[in-house]
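> Here are the chains, one letter per residue:
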Amino acid sequence: MNDIFPFLKNLTSASGLSGYETHVAEIIKEKWFPLVDEIQVSQVGSLHGVKRGKSDKPQLSILIATHMDAIGLMVTNIDDGFLSFTSIGGVDPRVLPGQPVYVHASGKKSKDHKPLPGRVVQPSNFLLPPEMTSAVVPIERLIIDTGLTSKQVIELVQVGDLVSFAQEPLALSGETIAAHSLDNRAAVAALTICLEELQTMIHRWDVWAVATVQEEIGLVGAYTSTFQIRPSLAIVVDTTWAKGPGSDDWNTFPMGQGPTFLFGPNIHPKLHGTFKDLAEKLEIPFKIEITGRHSGTDAFATQVVAEGIPTMAICIPIRYMHTPVEVATIKDIQRTGRLLAQFISQLDDDYMKSIELE
Amino acid sequence: MAQTTSLSKKQIQIIERLSNAMAISGDEGEVRKIILDETSPYTSSHKIDSLGNLLIEIKGKGRNRVKVMLAAHMDEVGFMISTDEDDGIYRFETSGGIDLRQLPGKAVMVGKDHFPGVIGARPIHLTSAKERKETIPLSSLRIDLGPGMKSIKPGDGATFGTRFQQIGQSMMGKALDDRLGVGILIDLIKDPPPNIDLQFAFTVQEETGLRGARVAAFSFDPDLAFVIDSTPANDLPTWDGEENHNYNCRLGEGPAIYRADGASFSDPRLVRLTEETAIKEKIPYQFRQPGGGGTDAGSIHTQRSGIPSISISIPGRYAHTAAGLARNSDYLYTLRLLKATLKSIPANILKQERK
Amino acid sequence: MKELIRTLTETFSPSGYEHAIRSTIRGMIEPFADEIKEDAMGNLIARKGERTKNGKRVMLAGHMDEIGLMASHIDEKGFIRFTGIGGINPQTLFGGRVKFINGVQGMIGGEPITDISHSLSINQLFIDVGADNEKDSPIKVGDVAAFERPFVDLGKRVMAKAMDDRVGCAVMVEALKRFKKSPHEIFFVFTTQEEVGLRGAGTSAFGIDPEIGISLDVTRTGDTPKAKKMAVTLGDGPAIKIKDGGMLADIRIVNWMIRVAEKNKIPFQREILEGGTTDAKAIQVSRSGVPAGCISIPCRYVHSPSEMVDIDDVENSTRLLSSLMEDPIEL
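Chains as they are written, first to last, in the numbering used here: chain B, 1 to 358; chain L, 359 to 713; chain V, 714 to 1044.
Everything labelled a hint here was simulated from the structure, so no lab data went into it.
Any given hint could turn out to be false.
[Stated by the list, open to error] To be clear about the criterion: a stretch of chain V counts as covered by chain L if any three or more of its residues have a C-beta under 8 Å from a C-beta of chain L, and this derived list gives those stretches: (1) 896–902; (2) 1015–1024.
[What the hints assert, rightly or not] Residues of chain V clear of chain L, computed beta-carbon distances all greater than 12 Å: (3) Arg794; (4) Val865; (5) Gly915; (6) Glu924; (7) Arg983.
Fair warning: this is a prediction, and the values are worked out from it, not measured in the lab.
Just so it is clear, CB atoms sit at the ideal spot from N, CA and C, and this is done for glycine as well.
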């Protein structure tokens, strides 16, 4: 696939906050439809696309999970036309003042309305408690102003309405993209590239491409889809912290030098080894990412479902994670997609035995 | 039959091997191997699942047998190398809960070959009084394996370098939490009570979230579960001479039965059965103070439709540090109590009301 | 309804030790259920109704357990140190009365306050049952107690300890009694150990394998002096949960609940709770996933010895639950 950019732009323009993923699920479903044999939706809204393999033995299957939900905000209170809100997923309040947002109004008169544009605003110091002067203003004191009158707001907006970031995706130089929700739509794009590559490759195993829901709120989709599908292997694709201004510690990785392969108790060591060997053989650059405990991804769930599932996690480095201006390179996304396809095509009937632990 | 009152040479040897082995969460192969060495003459088969849990089943005799899962965790708290900074200096993360104040100035061992290394600290001469009042943060600590070290890479595990010792009637070594529990299960495999089906789970990743036990319990789907761990004995004198009311349990007073910890309530029927057995068999026992902590029972008891569970631990001082201390008698009595309790499980125990 | 709430709230059953409340509720629902059983975690499960062609298997969950205290040490002078069971706020303890499951009563005292800016921590408190020393104490390590506070009828409002979640159980008991007809197979599950981690709900959901999950629990209000902003007020009707600290309710369930409430002219509120969650979270993530939501009864002073609810909210919550169960459920 040469141009993942339009798909990625489309993906990162949709809302699809945790728990409310239908919009982005529709976009993914349309894209995957010609690439898989069957598409279903789980009880909690995850998208499952299965592409069957050639093997006629009792079927071995691989699940590739990429979460499609994104962080955002939700209206908690309406006061004189101003909206108070809470976060869905981890949002640093410092990136909020001045942010353009969309309020997905669902009130009585909102039926034909598009999402309402608004801004997160920081009230003046004298409107805030004295200790917040010149300090970071916490989420509960920030406000969204839609520019509408109080009467209009009451007719259109309700407590519980979603608010998504309105920042449009930008093509920065060097084939990079800046957008909100690259965590984790960049991974969805990588999985899509993998499915496209598989169209012209032979593979013995069944492939379950899964766009999970609510990763940001407790890995709900990962636990439940893995339980339903019970794959032989689970590969989770997510994002990790790229090196950049403010992020230069040992646990950050250069952007544009390939994905990271996670290693630690959350990851099956031999499965990790297979990916490493394959990437070296294909000359796909990568970095090893050490995670001592929780991998911070859907892998934490897939590993412990039912009797346990050998799990691997691959991450695409992105800058400024969980802000509306996350940045990633198209190259890293393409590399990840290609690597996944190559991994799948070399899986044979003896692979499970070859990764047994002693 | 006369009861033994001391640990046999063989038992001490096994515990020593286990204590000296390195097995951080996610990398328990060394302990798995020791267990298989010791138990394969007594078992016909075993299974290692995809997380590394070692699962051994021993069927009993007789009808209507209750299926009992026994769990002890193989992993210990330790470290994971995160960055190679050249010249033999490595940055590391902790694996499992370790108080950072236990780290400076310690000997460690690193990697499969147990390379010796040290966690150093700035010389006192170069520190100020103010600085010495603050805990050295993890970001400032390093493992030094000596210049020229080439074979250690990020991802390799490390643990304290403590060698096990018998000191009088006590054992001192690292990882007594939970190699003592592993030892107990090995002893049970060698002399299993015949009235029940036994499902032994030597679990992984307990220290990083009770993860191995979760999938082991799902696979086994037992009727009941007994978890053997080691619990802290905080039975030292208090700073102001007041009565110590947070001792958790006491060294030398026998197996510590749990009513409740931070992760589970022991099933009251199993608690009653265990206590009555201890009294009947005249085995010293104590109750671990409720609250805080957690054992594999935390994830076992919520599997599937629920599995009645109980935790029984061997008291150990200084858990999660370079060297823990336990009494031989506590180990012996725990083994004795466990065996006697398993032998007395009535076939209809789950028909009794849960109270 | 008030008498029902009184009986339920005045029973002593902290998490893990629910036999008293289980027995009480079982006695109340036995004449009305098609089938009753208790599972390995002590959950009380009552089945009602048959699943018709377009009907669903529904699991309702209200937790029977309440927060409490467990004795951790009896000192030489007979004072009892304790640990909390569930979310105990030490600020609600000093001066309060407790009752142990074995009937013994006592009060919670504390060490002297040396720093007025901090309230006492649990470690500085103790229970006094009037014993002189450890030997003569009727309490031993592991004994379990709950707040002792009688139910009080204030007219439109009622207050008691353990409204969380005996009032949810009351709504379920009452809905079961009023049950007329439904296209669904409904499991009324009185769960255990919710306060310590939703443990009963997860295991009972695994056993039942429902298609829909609804919890009945309390939620906070934003209507007391200087309270954190929250769009829920006592007396304005049952709260339909959209989000809480642990989960996002399935939007299809939320919309269905709103439709049914409007159709039946039942007042309701939209709830977002910061901090705290319910059994619905455990049901949602069970097996292959379950669309889940929650009907919340607004409650002031949650996790204090005197929780307060509005009796009309309770009645409307019952009406809402009954209407939902009679409704065909098209998500």
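> Please check whether the stretch 1015–1024 of chain V has three or more residues whose CB lies within less than 8 Å of a CB on chain L.
violated (count 0)
> Would you say V/Gly915 is clear of chain L, with no C-beta pair closer than or equal to 12 Å?
5 Å, violated
> So is V/Val865 really clear of chain L, every C-beta pair being over 12 Å apart?
Check passes; 29 Å lies beyond 12 Å.
> With d taken as the least Cβ-Cβ distance between V/Glu924 and chain L, does d exceed 12 Å?
18 Å, holds
> Counting residues of the stretch 896–902 of chain V with a beta carbon closer than 8 Å to any beta carbon of chain L, are there 3 or more?
violated (count 0)
> Can we confirm that no CB of chain L comes within 12 Å of the CB of V/Arg794?
Not fine: 4 Å to the nearest Cβ puts V/Arg794 too close to chain L.
> Verify that the Cβ of V/Arg983 lies farther than 12 Å from every Cβ atom of chain L, and report whether the claim holds or is violated.
32 Å, holds
Consistency note: the structure conflicts with the earlier hints numbered 1, 2, 3 and 5.
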